[in-house]
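Student: Reassemble the complex: the two chains are provided individually, in unrelated frames, and hints are given to aid placement.
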Amino acid sequence: MLSWLTRTARSSIGRKAVVALTGLALIGFLVVHLAGNMTFFADSDGATFDAYADTIGNNPLLPLAEIGLVVLFLVHMGLAVRLTLENKKARSKGYMVSKAHGGRTPGSRTMIFTGVIVLLFVILHLAHFRLQKGDDVSMASLVRFELSRPLGAGAYVVGLLALGLHLSHGFQSSLQTLGLNHPKYTPLVKVLGYGLAGLLTVGFLLFPLTIFFGGNS
Amino acid sequence: MSAQAHPESINVKLHLWRQAGPEDPGSFEKVELKDISTHMSFLEMIDVANEQILEGGGVAVCFDHDCREGICGMCSMVINGQVHGPEPGVTTCQLHMRSFADGDEIYVEPFRASGFPIVRDLVVDRSALDKIVMAGGYISVNTGSPQDANSMLVPKDKADLAMDAAACIGCGACVAACPNAAAMLFTGAKVSQLALLPQGQPERASRVLGMVDTMDSLGFGNCTNEYECMAACPKEIDVSNIARMNREYLRSSIGSAEGV
Ligand code: HEM
Ligand code: FES
Chain G
745 MLSWLTRTAR SSIGRKAVVA LTGLALIGFL VVHLAGNMTF FADSDGATFD AYADTIGNNP
805 LLPLAEIGLV VLFLVHMGLA VRLTLENKKA RSKGYMVSKA HGGRTPGSRT MIFTGVIVLL
865 FVILHLAHFR LQKGDDVSMA SLVRFELSRP LGAGAYVVGL LALGLHLSHG FQSSLQTLGL
925 NHPKYTPLVK VLGYGLAGLL TVGFLLFPLT IFFGGNS
Chain B
8 MSAQAHPESI NVKLHLWRQA GPEDPGSFEK VELKDISTHM SFLEMIDVAN EQILEGGGVA
68 VCFDHDCREG ICGMCSMVIN GQVHGPEPGV TTCQLHMRSF ADGDEIYVEP FRASGFPIVR
128 DLVVDRSALD KIVMAGGYIS VNTGSPQDAN SMLVPKDKAD LAMDAAACIG CGACVAACPN
188 AAAMLFTGAK VSQLALLPQG QPERASRVLG MVDTMDSLGF GNCTNEYECM AACPKEIDVS
248 NIARMNREYL RSSIGSAEGV
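Those protein sequences? They're chains G and B, same order as listed. Each residue of the first sequence is one higher than the one before, starting from 745 at the first, in my numbering. Each residue of the second sequence is one higher than the one before, starting from 8 at the first, in my numbering.
These are calculated hints, taken from the structure and not from any lab test. Wrong hints could be hidden among the right ones.
Examples of chain G residues toward chain B, derived with CB under 8 Å [to be verified]:
hint, residue
1, Thr750
2, Gly758
3, His820
4, Asn831
5, Lys833
6, Lys837
7, Ala844
8, Ser852
9, Thr854
10, Gln920
11, Thr921
12, Lys928
13, Leu932
14, Leu944
15, Thr945
We put the beta carbon where it would ideally sit given N, CA and C, even for glycine.
Chain B extracted, bound-state conformation (with noise of 0.2 Å):
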């Protein structure tokens, strides 16, 4: 790394969202950090926000996070107003904290959506997603001995979609920054991933039949084609495959015998 523009360490007022339960109204909890180390992770800074909570006698901050290296798509928090804070393409457990300046307030609040109830604090349930996926998001094949390499091909372009697809970690970023609180880029990738390859097809119309379905059924929102969702998403998802779900439902719904 070159010259660093930022210093060594910052202070910071951090404000921390705490609610008890899924009735509690919430409020604010400030705590003031000395000396925080630039090149920690926003993860890395809540846990001595934790520590300095428990020493002065309080009860520790609640949140989830599980990889902590951008995969597991635990690390839910929206900080300063926007989905796994300010920078592009990056998990929370990605976000360092040479991305604030010294004296900076900074708001955490859990992920908000109907669909995605608080536990505690900065945890919520996000659960429908995978119902979302248990609804078709799986490919259901005899696991036999492997096949022949070149028995089933795949054009390089359908397998870079769906590779670009199948990034998604389904951490709900994408429904927490929607402002409709929609899933739809989530469920579009699933979608997408599965109908882009040959293994995909024979389910491909019940898939996203039920999982169209399913995700209207659990209280998300309606898309209105803002696209927040792919400038939140950490791995960057395009909408394209929003557009993608759309025209597998409506060719699946109106234009195949699915679901007579």
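Only chain G is shown next, with the shape it has when bound in the complex (with noise of 0.2 Å):
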């Protein structure tokens, strides 16, 4: 009965709009993330951004978000570095020679190495903030604990910059993967795109270069 369903969801075309969807819905929480998250310059103690972080962890749906949200990176990165794999093994022999024509950027090069990036890097964010949430310590405190060490915000913006990179080619790459490309509007997706990856980068960076250089731990 859903035979359609999943030749299409098998389908090269089908797995890399999921890839897309999934990658622009990430892209979705991720702006949500960080204007929640501006509410720590709302004032010098922390009191707002604790009481955001308050309402967000006493919400009774905070789980099934959560799982929604694990959902969709598990997804992501599954189907994704599937598709890698499957590229690598479309060229087993190399070339011995090799000069590219001019179509890729830096981002386009690097998306499964930037995703392992930011793997590693989401799995640190949940184990600082996720994880570690004791009751008697504010989340303000606990992230000026975190990254006023050398070592927690090197990590940081090294993570944020590979997620940057990863968005500079994936927001304008999932609108083509969607069939979304047009004469009047690809040009300014391409323009919007580095505008976002560069707007999200700057936005999350602001937490550790400003707390570690800031010293008010």
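Tutor: Right under this line is the structure:
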């Protein structure tokens, strides 16, 4: 009855579309995540940020949202890694001499590497702020503590730069994958993609940079 | 032509890929060529190299070619790491030796893709592309007498896009240049060319489903939108054809009754 669906889900274009949709959904999450996190800069004692964190933490639907996010992440990652492995197999013997023709970008060349760095970063991030959520310590002070350490701040900078590079290709690529290419809009989408990647990267980078160099831990 | 910036003839050091058969590991054979006219095409230069190899008692290098005027798509070669050589928008047979400098080392390799098994030396089997076309890249019509010219209207912009897509000569440069050895620019062009025209409508859904499924089964990779294909294509086919194929595939597989 659903053979058409499994056929689509197994096809190259179907799987690529799922990678694109999950990638776009994750971008949507990042935008909301950054907007919420900006409450950190609302005051100096972190009261607004703590209230925001508590509101989220006390929401009974939180586990549902978290499961959804994990599923999006795992599906994106699983399919992207499988596609990458298939792509390696599609050229089992590489060129002795190879020179790009002018289509590739630093972002497009490195999707699997930046993806893996983002994965490691997300694991670290969850270990910091999801798993060790003590009741006695406020979220704002936990953030200050982790990001004032050189290793903590350094890991965040690396993770976020990788994310920025991933999205510099990812945003425009996902629209092309979904078949959205238009002489009027595609040039705008490219600019918008770089802008979005830059904005998310710089926005999140504000945390490790201001905390590490601000020295108000 | 105005004053020539390049010399009349050059010496080059050619490194030709030699591989006795599909299982042979293969290696480069070095051939030093003297006084190569810069007016020669790249294939003529290889003809000269072959004469030199034969005179030395060797075996001529095998390479594909036919029209030698950029329309048949046979001359599959990767020259110094670039498909069809360094000039944009030309096939190897249209590449001239004036694109090279005196003393250049020139490495010539076959197209490398699991979908294009190597037959011998620079010759690869590109029949996988024919299989994709056989899976739907045509229209089924009874060929009777031609109908009145104005009975089937085609808007100018659609005609132009279809014509651009139809410029594909099926040379396989997109596959060879793609970091993933994907055949999506080729298939996208063949799908687009018919999806844009009224004659292509009756088989629109079954065509794209059949062609993409066949493409998937032939060992090609998956497009990651690196656009190396478009940059290497001798006919400069646009990647919007890949987006159109993606669109056509999704609307046919999910949004049509085809293939229930
Ligand atoms: C916050 C996390 C992430 C976001 C927002 C994100 C976003 C995206 C987007 C929008 C695309 C473009 C899809 C397309 O080309 O159609 C993409 C592609 C890709 N992602 Fe991610 N991604 C994330 C995490 C990861 C992780 C953890 C991995 C792997 C370990 C990964 C691996 C890849 C790969 C390999 C591609 C290219 C796939 C292809 O084009 O076929 N990503 N990502
Ligand atoms: S030999 Fe026909 S296109 Fe080059």
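Student: Does each hint hold? Answer for all of them.
Tutor: Going through the hints against the structure:
1. For the restraint placing Thr750 of chain G at the interface with chain B, the shortest Cβ-Cβ distance is roughly 11 Å, beyond the 8 Å limit, so the hint is violated.
2. Interface hint status for Gly758 of chain G: upheld, as the beta-carbon distance to the closest one in chain B is roughly 7 Å, under 8 Å.
3. Taken as an interface hint, His820 of chain G does not check out: its beta carbon lies about 14 Å from the nearest beta carbon of chain B, beyond 8 Å.
4. With its C-beta approaching chain B no nearer than about 4 Å, Asn831 of chain G sits inside the 8 Å limit, and its interface hint holds.
5. Contact between Lys833 of chain G and chain B, as hinted, is supported at the beta carbon level, the nearest pair being about 6 Å apart and thus within 8 Å.
6. For Lys837 of chain G, the shortest C-beta to C-beta distance to chain B is roughly 6 Å, which falls under 8 Å, so the interface hint holds.
7. Using the Cβ-Cβ criterion of 8 Å, the hint placing Ala844 of chain G at the interface with chain B is satisfied: the shortest such distance is roughly 7 Å.
8. For Ser852 of chain G, the shortest C-beta to C-beta distance to chain B is roughly 5 Å, which falls under 8 Å, so the interface hint holds.
9. The beta carbon of Thr854 of chain G comes no nearer than 11 Å to any beta carbon in chain B, farther than 8 Å, and the hint placing it at the interface is violated.
10. Interface hint status for Gln920 of chain G: upheld, as the beta-carbon distance to the closest one in chain B is roughly 5 Å, under 8 Å.
11. With a cut of 8 Å, the hint placing Thr921 of chain G at the interface with chain B holds, because the nearest CB-to-CB distance is about 6 Å.
12. Annotation: interface hint on Lys928 of chain G violated; nearest CB of chain B at approximately 12 Å, more than 8 Å.
13. The interface hint given for Leu932 of chain G is broken, as the beta carbon of that residue sits about 15 Å from the closest beta carbon of chain B, more than 8 Å.
14. Nearest Cβ of chain B to the Cβ of Leu944 of chain G: about 20 Å, over the 8 Å cut. The hint is violated.
15. Given hint, Thr945 of chain G at the interface with chain B, is violated; its Cβ is 20 Å from that chain's nearest Cβ, farther than 8 Å.
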